[in-house]
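As you go down the protein sequences, you meet chains S and G in turn. Numbered per the numbering used here, the first sequence spans residues 2 to 878. Numbered per the numbering used here, the second sequence spans residues 2 to 878.
The hints are simulated quantities; they were obtained by calculation from the structure and are not laboratory data. Any given hint might turn out to be false.
Same chains, same label: a pair holds when it works inside one copy or across any pair of copies.
[To be verified] Below, a list of computed lysine-lysine pairs in the DSSO-like style, where the Cα atoms sit at most 30 Å apart:
| no. | residue 1 | residue 2 |
| --- | --- | --- |
| 1 | K513 | K289 |
| 2 | K792 | K726 |
| 3 | K513 | K547 |
| 4 | K810 | K827 |
| 5 | K57 | K340 |
| 6 | K161 | K80 |
| 7 | K723 | K797 |
| 8 | K384 | K80 |
| 9 | K817 | K797 |
| 10 | K718 | K806 |
| 11 | K784 | K394 |
| 12 | K304 | K406 |
| 13 | K213 | K718 |
| 14 | K63 | K718 |
| 15 | K475 | K589 |
| 16 | K183 | K784 |
| 17 | K718 | K787 |
| 18 | K475 | K394 |
| 19 | K797 | K712 |
| 20 | K225 | K726 |
| 21 | K810 | K820 |
2 protein chains.
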Amino acid sequence: MKKFVYGFHEGTAGMKSLLGGKGANLAEMTRIGLPVPSGFTVTTEACNQYYEEGAKLWNGLKEETLQHLAELEEKMGKKLGAVKNPLLVSVRSGSAISMPGMMDTILNLGLNDASVEGLAEGTANPRFAYDSYRRFIQMFSDVVLEIPKYKFDAILDNKKVEKNVEEDTDLTAEDLKDIIEKYKAIVKKECRADFPQDVKDQLFMAIEAVFKSWNNPRANVYRKLNDIPHSLGTAVNIQSMVFGNMGETSGTGVAFTRDPSTGEKKLFGEFLMNAQGEDVVAGIRTPKPILELQNTMPQAYDKFLEVANLLEEHYTDMQDIEFTIENQELYILQTRNGKRTALAAVNIAVDMVKEGRLTKEEAILRVDPLQVEQLLHPAFDEKELEKGKIITKGLPASSGAATGKIYFTPEDVVEANNRGERAILVRAETSPEDIEGMVASQGILTARGGMTSHAAVVARGMGKCCIAGAGEMKIQEANKIFMVGETVYHEGEYISLDGNEGIVYEGEIATKESQLTDNFLELMTWADAIRTLKIRTNADTPRDTKQAIEFGAEGIGLCRTEHMFFEESRIFVMRKMILSRTEEERRKALAELLPMQREDFVEIFKAMGNRPVTVRLLDPPLHEFLPHEEEDIQQLAQKMQVSFTQLQGVVNDLKEMNPMLGHRGCRLAVTYPEIYEMQVRAIIEAAVIVKEEEGIDVVPEIMIPLVGELKELQYNKEIVLKIAKEVLSEKEIPLQYLVGTMIEVPRAAVTADEIATEAEFFSFGTNDLTQMTFGYSRDDAGKFIKEYREKNILEKDPFQRIDRKGVGKLMELASKLGKETRPNIKLGICGEHGGDPDSIEFCHILGLDYVSCSPYRVPVARLAAARAAIINKEQAK
Amino acid sequence: MKKFVYGFHEGTAGMKSLLGGKGANLAEMTRIGLPVPSGFTVTTEACNQYYEEGAKLWNGLKEETLQHLAELEEKMGKKLGAVKNPLLVSVRSGSAISMPGMMDTILNLGLNDASVEGLAEGTANPRFAYDSYRRFIQMFSDVVLEIPKYKFDAILDNKKVEKNVEEDTDLTAEDLKDIIEKYKAIVKKECRADFPQDVKDQLFMAIEAVFKSWNNPRANVYRKLNDIPHSLGTAVNIQSMVFGNMGETSGTGVAFTRDPSTGEKKLFGEFLMNAQGEDVVAGIRTPKPILELQNTMPQAYDKFLEVANLLEEHYTDMQDIEFTIENQELYILQTRNGKRTALAAVNIAVDMVKEGRLTKEEAILRVDPLQVEQLLHPAFDEKELEKGKIITKGLPASSGAATGKIYFTPEDVVEANNRGERAILVRAETSPEDIEGMVASQGILTARGGMTSHAAVVARGMGKCCIAGAGEMKIQEANKIFMVGETVYHEGEYISLDGNEGIVYEGEIATKESQLTDNFLELMTWADAIRTLKIRTNADTPRDTKQAIEFGAEGIGLCRTEHMFFEESRIFVMRKMILSRTEEERRKALAELLPMQREDFVEIFKAMGNRPVTVRLLDPPLHEFLPHEEEDIQQLAQKMQVSFTQLQGVVNDLKEMNPMLGHRGCRLAVTYPEIYEMQVRAIIEAAVIVKEEEGIDVVPEIMIPLVGELKELQYNKEIVLKIAKEVLSEKEIPLQYLVGTMIEVPRAAVTADEIATEAEFFSFGTNDLTQMTFGYSRDDAGKFIKEYREKNILEKDPFQRIDRKGVGKLMELASKLGKETRPNIKLGICGEHGGDPDSIEFCHILGLDYVSCSPYRVPVARLAAARAAIINKEQAK
């Protein structure tokens, strides 16, 4: 006969699908000898059988349950429903995959009119006993008998009014007894039956309620949306309850096996004598540090120390443990891997390797790569933060913390900075013209835009704190205020940004410095030894380049040439170029830009040494370089000595309905080949200069953006080859360089076999590829992507994590086709995803050569790449 | 030994790769007994051998050539270079694929100082002889000796100045003799050798020049861009020249075997006695109708009739024949399939079936499907058109012809129309708000936008003439003028649009009616019997629906529900809906829209009878329904009784950077499910009404737009099922309906296997799919796509013809994946490509069930579908 009920001592961690997650965990703890309150689990198979029996508890199951109950009673020396020292149990659901929408917990099952007296006597606390009974009736009625909760609440509220008290805790035992009678009356009225006094009935009804909750609509919808098979079923865990409030030899507490904020190896936590868990939470009495338990109850403390060690040994991780002491007897109620700060995570992982508990590979898997970025930035002092008043929330677009005065224009930020003030740039959204203001600011706050908006991308590149898309904030730039609801914030007032959480605070909050500890550096060297992916960086300036090298970058995967044109001295020349009416005029302006751009490359090449540098030729549409407000156009017209009408005409002609899908990337160069000619000349000449002057052998990788068709690439490659030949024959120096393309247009992915005939490398531009594959504009999609995630239509924002099913499928296709044509083609990624751990893992699986990310993501990427190598090696075994 | 030279009588049409296109054609004509001037072809293999020999004519080839020359001389009774009755030949290149950039033609080879006298004597026209010699020297010097043409031109010009004459023809024989001497002096100076008097040298040099031209840079670039293998090589055709100016028993002419404008079966053409071909072209003498040849030279005429019949018989098509009569002897110089009007094409094809010359399948292949659309629209009277003055050109966005007065706003057009004027709407671009003005106009002319711009799509839907993207035109709406260059056109002045060619004319031009002849209808019934693709239409109004049924539509493939909201009475309610601040307000506005929308569907369903109707739920972003100019916002605010600031706030909030990739399609319904709820209710209720009232069993196909992810479809399908269930349980009527989706987002194509678990049909939205696969905004791409086509980067505008390599690959993938999941899934296409013959063929190959196109494209599609079935059946054999 099939076994449907397992004592905790009969199971193991491996029996998750039969016992559910919770049941398997309880069994495992019991198996390794932890003092877990005893109990048993009704299996998931029983749940399925329940539905096969027509949603009825069949006799066989009842008998098996009662048999395990009898064993439990014997073990605990208590009896369910007994008048003296009664056994009480909790009943919990637990499927193999944890899932909201199902019945959660019934506590204190086994209480009835008789046993409540036993509990009162045992705890010497009648108030507690009646309150437990009252709560049990209400909870049981709610989840098992389906009587609405509010009906009970009304009675409790009336009683408080009657007695003129504020809190439940002010009610006496007598009050509670009265309430219990009234609760029972409700049950009688609603069910036309008494509240069940037979404790075995209570148990069977609770088990059945758990089974039923598996099939309720919320649970069904959740399973459908999350692809969880209905056939899994849920298990039911019945566990004896223990009480920390059985007098002065009882107590309860919570402790970590190591310090969760620093990782230091010492017990960290607190306890309360003669108390239940909720007393610790309620905060009425002040708990004591865990180390004092040694004096209060040395035996229990020693036992706890032993258990803590055992748990760390078993789980080889820092544990967060809930315990109760009932009459000197220590019980472990729950243990789980403890939450910790980034600093603690790194320290614990490295320490555990040194303690011989973990291998280096395991240590790497213990640190969340995304968390380590926090170590590179300043952060708020946690105690200060608790006092902060939250203004609003936005997207955590770039990590770190920043405090400063509100300013609404880049110019004002620059001026404030010159006056020695710290300034926060607050803006609807940023554009390339705002760069100088962004540089001068402590941090950036925008009302619009998502995780890959201009503000977010640039701020991450600078390692500057940024919160984007704080949509509640209404900015009135003209009045120099912003409003959230009715509250007004003025220019010059302090605000503080928590870039890790996306929270905006009022006032100044003190920050603490970044935490690049020795342990961190050691962990990184381990990661480097393990990973196979190379890590490059996206950097457009010598400053970014140097920062990225400090963080371990092995090359530049994306140098955006357009950012170089936004500096004040250059934008004017750039605009002259755009406004040119003939090729000749345009070539003249470009000739002015050439030495500037060449100098940038010289600096970047010098900073990078022999490391590879991928330079992307001009990508954005030309209108991004022109002003759009009437006033600005007027000003520029004056400066350029052209008529306002003429300039506005050009601005209008260049205007596009959907600039993302417009005249940009290599499409520009098909119209104006001279632009790319200038850029290629600047790159090649710069490479020659650093070779001559510093002996650095740079191999520039020239990247053509937005290619969708082989002939586009051919056309532009011709330009590159022609100019390179010209320069190199002038200089008579041999120089290697590569010509490749972004794969960012779906058509390029689909025709990658053709494209690879000309491209020496592919770099996946997953920002654009995601935009076009989903048809989401990253400037506009913020609004509905949020809603999509809330409604569970998207598991994750695809601009943050590569969508493996769609975008990933195209990447896979492109890699496969590209390698078919050119087996040694170099493959990389330079979209924002290059800094996202899950996406990095995907790149590892695809077999890319490198990922490229913003400088402050380089350590994240190093760790994530190592993780990917470890996990996929394990899986390959 | 390999044979490198073939007499015309030795080849056939099948030897194209050896003899080149031209050579094979001459051989074929000779083979079927036509009086073609004799000659021979040096093969393409000889060309390749030439390069293998180090670019030298080897002796073997020379000998073989001379041998064929001797045979030719014998056949013609003339000798190359003879002083009396000399043989002259033409030398022409001819590869298997016709190709620009190569040497074209040398005429009159064989002339030298001696033979020119023979020609003078034979034609009794010394002026003609010397002029021929002069031209021959110049042409030979240019293409063979590579002496620049302008050097010769200077001499000719000087002579004309000296003689004080305007035209070459005013020069006398003596003048020409003098010029010849000077020409020869140039040759001597440039080549340090005399102009070759040895006619065999002339011949060998000409052959070599043809071989060399195969390898010139222009030809090489052309081959590279067009994927023509270099190894094809070119052949050289040497053909004896005949002269129509050998006196009154000679002549020349051109004739069609049928009337090229009506198709009527009678000879149509003209001739001139004692003349060369160029005399006919030059227009100095007036040619006579071909029928008069019967009187002038009955024998030659009879021979010509016989030849014309033979040619039609052989090519089973109407021929355009050039002929020359030399001393009573008829020679056919060239024959090709004659160009013809759409009307003639249809009539000839149908007549030839009746004559037993063609099968129905062949007849269908003879008519260009795109051409037949012209038959459905009014067209300009051709004679009137010749007088028209062209203002500018744009894209031929919608066929037909229109004449009317210029108006710049839809309101002005409506007023003019009410006054009884014919009006042309001239506008930068149109938007959905302009619909009423578009309806009231004769035709539409826009400065911006491409073949799939709003103006183009809507105009095609209405069967209204439209020219889009006439970029030269600068519109100043405020001044009510437009300018092209310096010329100004004012409101109220007449212009005329030729929608077939995209040409804008000044003034009024008379039009003639559409030409739906019996032959046309008969051809259509044949097409219907052959095609396997169903043809549906894109129609949003009962009027369009009825028109489409008249043209043979078998269902609606795309009914865009949003167009229904732009009518004046509705747009206000729609705007109320958009401006609602609560779901309740929004539901109230939607409740007002419900009866309007339901009534539309009732009318459309009634018009369609039992044919299937696919209704697409709301697709465009909400801001399309709001005004954007400050003034209009002000007005609307007043009308809606909300503050200007509030309304502008909403307009700004809804503004998007890239609306094409923004909050639209089913994304709207995820945010506001109540919108789709209303629409589904309107559809289902309407279906119930027509079933009850008319007994029509409509099976609505409800289509969810812009799906990219299965869960999006699930979310929206839930809405459909819920509302349909509600309505049908209220009405207690059984009704079938389908729920499906557009495949227009690349991700939907890539994950079509998942999507098909919920979708009962797919409809390829190839407009959006093309936009996203290429990353081209169809609103903005006009500019650079033109440039791309000019530079040969794109073979064809992908918005006009499905790009099989990229977009097509995604369609193929989606079809395959969709069928894997749901073998009987219904597949169709509703993008603009559904009316493009090449795209229709691709849909046939993919195995789609139907294509859907605008009403006026339905006949085009019927024919194109039949073509596709015939061609692909033939290929499958």
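Margin query: So, against the hints stated earlier in the document, which numbers end up violated here?
Written below: The structure breaks hints 5, 6, 8, 12, 14 and 16; every other hint is satisfied.
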